[in-house]
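K.L.:
Chains as they are written, first to last, in my numbering: chain A, 5 to 416; chain B, 52 to 192.
These are calculated hints, taken from the structure and not from any lab test.
What you are looking at is a predicted structure, and each value in this text was computed from that prediction instead of being measured.
All C-beta atoms in this analysis are idealised placements derived from N, C-alpha and C, irrespective of residue type, glycine included.
Treat the hints with care, as some may be off.
[Unchecked claim] Calculated lysine-lysine pairs in the DSS-like style (CA-CA distance at most 30 Å, straight line):
hint: 1; chain 1: B; residue 1: K113; chain 2: A; residue 2: K394
hint: 2; chain 1: B; residue 1: K178; chain 2: A; residue 2: K122
hint: 3; chain 1: B; residue 1: K113; chain 2: A; residue 2: K387
hint: 4; chain 1: A; residue 1: K330; chain 2: B; residue 2: K113
hint: 5; chain 1: A; residue 1: K88; chain 2: A; residue 2: K221
hint: 6; chain 1: A; residue 1: K221; chain 2: A; residue 2: K283
hint: 7; chain 1: B; residue 1: K179; chain 2: B; residue 2: K113
hint: 8; chain 1: A; residue 1: K394; chain 2: B; residue 2: K102
hint: 9; chain 1: A; residue 1: K403; chain 2: B; residue 2: K178
hint: 10; chain 1: B; residue 1: K145; chain 2: B; residue 2: K113
hint: 11; chain 1: A; residue 1: K36; chain 2: A; residue 2: K88
hint: 12; chain 1: B; residue 1: K102; chain 2: B; residue 2: K145
hint: 13; chain 1: A; residue 1: K403; chain 2: B; residue 2: K78
hint: 14; chain 1: A; residue 1: K330; chain 2: B; residue 2: K78
hint: 15; chain 1: A; residue 1: K403; chain 2: B; residue 2: K179
[As the list claims (entries may be wrong)] Among the chain A residues that face chain B by a calculated CB cut under 7 Å, a handful are:
hint: 16; residue: M296
hint: 17; residue: V298
hint: 18; residue: E323
hint: 19; residue: P397
hint: 20; residue: W413
Chain by chain, the residues:
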Amino acid sequence: MAVHTPIYLDNAATTRCDPRVVEAMLPYFSEKFGNAGSRNHRFGWDAEDGIETAREQAARLIGAESKEVIFTSGATESNNLAVKGAAEIYAKAPAGQQGRGHIITCTIEHKAVLDPCKRLQREGFEVTFLDPPSDGVITADMVRAAMRPDTILVSIMWANNEIGTINEVPQIGQLCHEKGVIFHTDGTQWVGKMPTDVERDCIDLLSWSGHKMYGPKGVGALYVRRRKPRVRLEALIDGGGQERGMRSGTQNVTGIVGFGKACELCLAGMEHDRERLLKLRRRLEDGLAGRMEVVQVNGNRDRRVPHISNISFGFVEGESLMMGIKDIACSSGSACTSASLEPSYVLKGLGVGDELAHSSLRLSFSRWTTEEEVDFAIESILKAVEHLRKLSPLYDLYKEGVDLSTIEWQHH
Amino acid sequence: MAYSEKVVDHYQNPRNVGSFGASTEVKTRTDIGVGIVGAPECGDVMQLQLKVTADGVIEDAKFKCFGCGSAIASSSLATEWVKGRTIDQALQIKNSQIVEELALPPVKIHCSVLAEDSIRAAIEDWKKKNGIAVDEASHAH
Numbered sequence: 005m006a007v008h009t010p011i012y013l014d015n016a017a018t019t020r021c022d023p024r025v026v027e028a029m030l031p032y033f034s035e036k037f038g039n040a041g042s043r044n045h046r047f048g049w050d051a052e053d054g055i056e057t058a059r060e061q062a063a064r065l066i067g068a069e070s071k072e073v074i075f076t077s078g079a080t081e082s083n084n085l086a087v088k089g090a091a092e093i094y095a096k097a098p099a100g101q102q103g104r105g106h107i108i109t110c111t112i113e114h115k116a117v118l119d120p121c122k123r124l125q126r127e128g129f130e131v132t133f134l135d136p137p138s139d140g141v142i143t144a145d146m147v148r149a150a151m152r153p154d155t156i157l158v159s160i161m162w163a164n165n166e167i168g169t170i171n172e173v174p175q176i177g178q179l180c181h182e183k184g185v186i187f188h189t190d191g192t193q194w195v196g197k198m199p200t201d202v203e204r205d206c207i208d209l210l211s212w213s214g215h216k217m218y219g220p221k222g223v224g225a226l227y228v229r230r231r232k233p234r235v236r237l238e239a240l241i242d243g244g245g246q247e248r249g250m251r252s253g254t255q256n257v258t259g260i261v262g263f264g265k266a267c268e269l270c271l272a273g274m275e276h277d278r279e280r281l282l283k284l285r286r287r288l289e290d291g292l293a294g295r296m297e298v299v300q301v302n303g304n305r306d307r308r309v310p311h312i313s314n315i316s317f318g319f320v321e322g323e324s325l326m327m328g329i330k331d332i333a334c335s336s337g338s339a340c341t342s343a344s345l346e347p348s349y350v351l352k353g354l355g356v357g358d359e360l361a362h363s364s365l366r367l368s369f370s371r372w373t374t375e376e377e378v379d380f381a382i383e384s385i386l387k388a389v390e391h392l393r394k395l396s397p398l399y400d401l402y403k404e405g406v407d408l409s410t411i412e413w414q415h416h
Numbered sequence: 052m053a054y055s056e057k058v059v060d061h062y063q064n065p066r067n068v069g070s071f072g073a074s075t076e077v078k079t080r081t082d083i084g085v086g087i088v089g090a091p092e093c094g095d096v097m098q099l100q101l102k103v104t105a106d107g108v109i110e111d112a113k114f115k116c117f118g119c120g121s122a123i124a125s126s127s128l129a130t131e132w133v134k135g136r137t138i139d140q141a142l143q144i145k146n147s148q149i150v151e152e153l154a155l156p157p158v159k160i161h162c163s164v165l166a167e168d169s170i171r172a173a174i175e176d177w178k179k180k181n182g183i184a185v186d187e188a189s190h191a192h
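If we strip away everything but chain A, and leave its shape as in the complex, we get (with noise of 0.2 Å):
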């Protein structure tokens, strides 16, 4: 099969829509075109209808209950309800002190959590931001030495969406639940990818969004358990009190009626997904690192999602790398040593910078990634790699067998 340039290997920034997800949305355009709120006429009922099937769809994904499914535009609103909302209502003081309670994430969850969580910050909440261990993995461990007697909430991703490690969510479910805390956790990477049961992963909140698995843009959704216990959120837009008063505002019916589809084909296909998944990584990795000398991959190779890799290659420069695969639609993320790239914060958490000159790229798959395409990535990075190493002074140097940090480097 012929390969067809640019080739899309960025699963993990968004998906293409299913052909099957936007065949069952399209009625919802012009024909079933209702307002779901509209309760006495026949247009209403149907977009209703349409909803009230996304909701069960949603919920039947991650082995909940379709009323503890509320849609939002996404999960960054998502986290934002769940981190904002939930500190709101369970805000507390110590026995005998100021403050409104404590709240624990990690360094290197999406801004969406990060950033809500520096604003409650802001307002008088402390919060504890952990560091991951080299691996990228959040223990129950590392969750459990932060736990206070005021702590409300902790909010840990169930997989990192820069190098797709798994943390270690259904203990952390489990501590929280023992400690009467607040478990958020933001499954973007996860839902739909992997197996999920809210009630067995001991799970209070969960972020996810429909186009990360196919499903259309500017539709999300968030889990919110309703007994054992019964989780409140504080609202962060008040109006018409849809979505149980959780999310006012008229309903995204095309967007949520795709979400449900995309759901249900996910679960429908989970298992025959991310078997080709693990595959076409394997290749990609394999085809590389056998190749070409030192390459890492980035993570837990053990405990990450199936659809992610992330792979940095010693002695090269991001953007000259990505300006010699302008044939693969990726995402690249330096550890330290671009000045052009916006360094990630996911990577020098985890300590990638600490080797002198290294760049990375995520490599994310879909669905629809082919063998053929994956090969082509491989012979186009490999190109690109020996051609920036024959110019980098940097291999020389490494080849000399020159230790690099070594070097008094004549800084700008």
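Take the given structure of chain A and dock chain B to it, following the hints.
P.N.:
Leaving out everything else, chain B in the frame of chain A:
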């Protein structure tokens, strides 16, 4: 970001890539001047080696560069421009000429500065090896 055709050309077909020997070897050769500027953590390291005749004519030039496409293009262009010139003529090369030739955008001007610095550093190295006083006034930066 969009690169000029000339930058892309130098990136794909860099001129005069290489060195006149291992780093320890060229250190002791009096006919070679070596300039290494920049730092890995800044994202640019340029290495320029000049082969200079006893009467100060640059016979040959080689470069290596760790850096973005504009840095590679700037150092590649620098090797083309210094070849055949006397060291005094080479010292006249200004970074603004490199900016103009490669149509570098403002955020990439530092690449051209680095290229100019590497020429200066390589010539200083050659002068030192040959017991010629380095003109301090030539330190533009």
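K.L.:
Determine for every hint whether it applies to the structure shown.
P.N.:
For each hint, the structure was consulted:
1. B:K113 x A:K394: holds (12 Å)
2. B:K178 x A:K122: violated (56 Å)
3. B:K113 x A:K387: Given that 30 Å is the threshold and the Cα spacing comes to 22 Å, the pair holds.
4. A:K330 x B:K113: holds (27 Å)
5. A:K88 x A:K221: Cα-Cα ~23 Å, so holds.
6. A:K221 x A:K283: holds (27 Å)
7. B:K179 x B:K113: Holds, at about 19 Å.
8. A:K394 x B:K102: Holds, at about 20 Å.
9. A:K403 x B:K178: holds (29 Å)
10. B:K145 x B:K113: holds (19 Å)
11. A:K36 x A:K88: violated (35 Å)
12. B:K102 x B:K145: holds (20 Å)
13. A:K403 x B:K78: Within the cut-off at roughly 17 Å; holds.
14. A:K330 x B:K78: Violated, at roughly 38 Å.
15. A:K403 x B:K179: holds (28 Å)
16. M296: violated (17 Å)
17. V298: violated (13 Å)
18. E323: holds (4 Å)
19. P397: holds (4 Å)
20. W413: holds (3 Å)
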